[in-house]
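**Q** Given next are the chains, with one letter for each unit.
2 protein chains.
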Amino acid sequence: MYIEKKYGCILFSEWSSIKAFGALDPGSNPGGAIMIEVLRLGHRRLRDHRISTHCGLVARAFDASKIIYSGEHDSSLLDSINNVHKKWGGSFSSRYVEKDINFIENYRGVKVHLTMYGLPIQKHIKNIRKHKKILLIVGGEKVPGEVYKLADYNIAVGHQPHSEVAALAIFLHEYFQGKELSKTFPKARLKILPHERGKNVMEVTTK
Amino acid sequence: MYIEKKYGCILFSEWSSIKAFGALDPGSNPGGAIMIEVLRLGHRRLRDHRISTHCGLVARAFDASKIIYSGEHDSSLLDSINNVHKKWGGSFSSRYVEKDINFIENYRGVKVHLTMYGLPIQKHIKNIRKHKKILLIVGGEKVPGEVYKLADYNIAVGHQPHSEVAALAIFLHEYFQGKELSKTFPKARLKILPHERGKNVMEVTTK
Numbered sequence: 187m188y189i190e191k192k193y194g195c196i197l198f199s200e201w202s203s204i205k206a207f208g209a210l211d212p213g214s215n216p217g218g219a220i221m222i223e224v225l226r227l228g229h230r231r232l233r234d235h236r237i238s239t240h241c242g243l244v245a246r247a248f249d250a251s252k253i254i255y256s257g258e259h260d261s262s263l264l265d266s267i268n269n270v271h272k273k274w275g276g277s278f279s280s281r282y283v284e285k286d287i288n289f290i291e292n293y294r295g296v297k298v299h300l301t302m303y304g305l306p307i308q309k310h311i312k313n314i315r316k317h318k319k320i321l322l323i324v325g326g327e328k329v330p331g332e333v334y335k336l337a338d339y340n341i342a343v344g345h346q347p348h349s350e351v352a353a354l355a356i357f358l359h360e361y362f363q364g365k366e367l368s369k370t371f372p373k374a375r376l377k378i379l380p381h382e383r384g385k386n387v388m389e390v391t392t393k
Numbered sequence: 187m188y189i190e191k192k193y194g195c196i197l198f199s200e201w202s203s204i205k206a207f208g209a210l211d212p213g214s215n216p217g218g219a220i221m222i223e224v225l226r227l228g229h230r231r232l233r234d235h236r237i238s239t240h241c242g243l244v245a246r247a248f249d250a251s252k253i254i255y256s257g258e259h260d261s262s263l264l265d266s267i268n269n270v271h272k273k274w275g276g277s278f279s280s281r282y283v284e285k286d287i288n289f290i291e292n293y294r295g296v297k298v299h300l301t302m303y304g305l306p307i308q309k310h311i312k313n314i315r316k317h318k319k320i321l322l323i324v325g326g327e328k329v330p331g332e333v334y335k336l337a338d339y340n341i342a343v344g345h346q347p348h349s350e351v352a353a354l355a356i357f358l359h360e361y362f363q364g365k366e367l368s369k370t371f372p373k374a375r376l377k378i379l380p381h382e383r384g385k386n387v388m389e390v391t392t393k
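Protein sequences, first through last, are from chains A and B. When you read off a place in the first sequence, starting at 1, and then add 186, the result is the number in this note's numbering. When you read off a place in the second sequence, starting at 1, and then add 186, the result is the number in this note's numbering.
A hint or two may mislead.
Which copy? The list can't say, so a pair holds if one copy fits it or any two copies do.
[Unchecked claim] In silico BS3-like links for lysine-lysine, alpha-carbon gap of 27 Å or less:
id	residue 1	residue 2
1	316	377
2	297	377
3	309	365
4	285	252
5	365	316
Rather than coming from a laboratory, the hints here were simulated on the basis of the structure.
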């Protein structure tokens with residue numbers, strides 16, 4: 187059992203002292219109902235490492251099930267995501283796929299492509315929410331034209347240039363209607379106890 | 187007048203053909219009611235360029251008024267944000283401040299610090315929304331302890347490691363209750379006409 191004390195806050199790392207952040211855990215996915223897999227297109231090892239990592243962490247934190255990268259193979263990227271998963275729990279996974287167009291073509295489920303050129307999320311999220319198995323495609327620098335054609339929905343999170351990380355977060359937040367913020371992560375080794383003025387990180391040990 | 191044609195879509199760049207995405211324009215800020223300024227702490231020129239750029243673009247796209255960077259001075263970062271602003275319109279601005287702690291101390295308005303260690307946004311956004319002049323502080327790699335003390339609110343967008351870009355987007359999305367996605371940007375030279383399967387970018391000329 188490890189207790190971190192910062193900014194004058196004392197912590198208790200007893201399981202019994204932990205209150206779940208919300209009553210429901212969308213991550214537990216009862217009945218295997220929802221599976222959102224994120225496909226991050228065209229990763230470039232040197233230039234995209236941090237943005238692609240942020241995409242992976244956002245996918246995990248906002249209750250997607252998986253992230254798949256295409257572009258250049260980057261084992262350190264997969265390791266980064268995996269290390270967070272090991273420390274902070276949940277059942278998220280990441281992997282690489284070489285032929286992304288092929289992968290999209292063969293995907294069994296609804297394909298949603300996030301693009302600033304698409305239709306506004308605020309008008310279409312209700313329909314998309316009816317689907318429970320979704321491939322959520324997030325572009326890189328240049329998105330092949332086929333992706334627009336293969337997608338069942340091309341969806342815009344605003345029609346301004348901003349960030350694939352932000353678009354991904356807002357899509358998942360809208361899809362789960364905010365419930366993802368209360369998600370708990372089973373088998374976490376680290377847990378945060380929210381605090382108004384400091385850092386309370388708790389290491390959890392299981393017998 | 188410039189018309190771009192891609193994926194078989196024909197565009198018209200007449201002002202009269204443009205329909206506002208929503209009835210209200212929160213960016214127009216009637217009565218000067220709302221001003222959210224984003225402070226991005228501890229920018230590092232080489233390592234953070236893209237993430238800091240994404241923070242700036244998200245701040246602009248999600249209806250903040252300004253972004254202020256601290257850390258290393260980086261004129262190419264300010265140029266990147268400024269170029270987007272020139273092309274895509276609105277009244278967003280960006281600047282650099284050397285002494286960020288000093289800046290926070292002297293800020294007149296409510297100070298909200300986004301941190302995974304803070305109190306859950308879903309429980310506090312309603313109160314924060316009552317404030318109309320906000321400094322929204324977004325951390326870098328290491329956030330000085332003083333920031334937690336100087337902030338009026340330390341707010342978490344989930345209690346998992348993910349991305350300052352995502353946290354910023356979700357905060358603004360929650361603050362504006364989604365209205366920011368329908369914001370229009372006055373004096374835009376480029377505009378997107380949403381399309382279900384292609385890219386429609388329109389160049390707007392004014393006489």
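**Q** If a hint holds in the structure, say so; if it does not, say that too.
**A** Hint check:
For the homomeric pair residue 316 and residue 377, neither the shortest alpha-carbon distance inside one copy (32 Å) nor that between copies (31 Å) is at most 27 Å. In this homomeric assembly, residue 297 and residue 377 come within 27 Å of each other (Cα to Cα) only across copies, at 26 Å, whereas the closest approach inside a single copy is 33 Å. In this assembly of identical chains, residue 309 and residue 365 lie within 27 Å of each other by CA distance both inside one copy and across copies; the values are 20 Å within and 12 Å between. Proximity of residue 285 and residue 252 under a CA criterion of 27 Å is satisfied intra-copy only: 17 Å inside one chain copy versus 41 Å between copies.
Within a single copy, residue 365 and residue 316 get their C-alpha atoms as close as 16 Å, and across copies as close as 23 Å, so both meet the 27 Å cut-off.
When the structure is compared with the earlier hints, a violation turns up for hint 1 alone.
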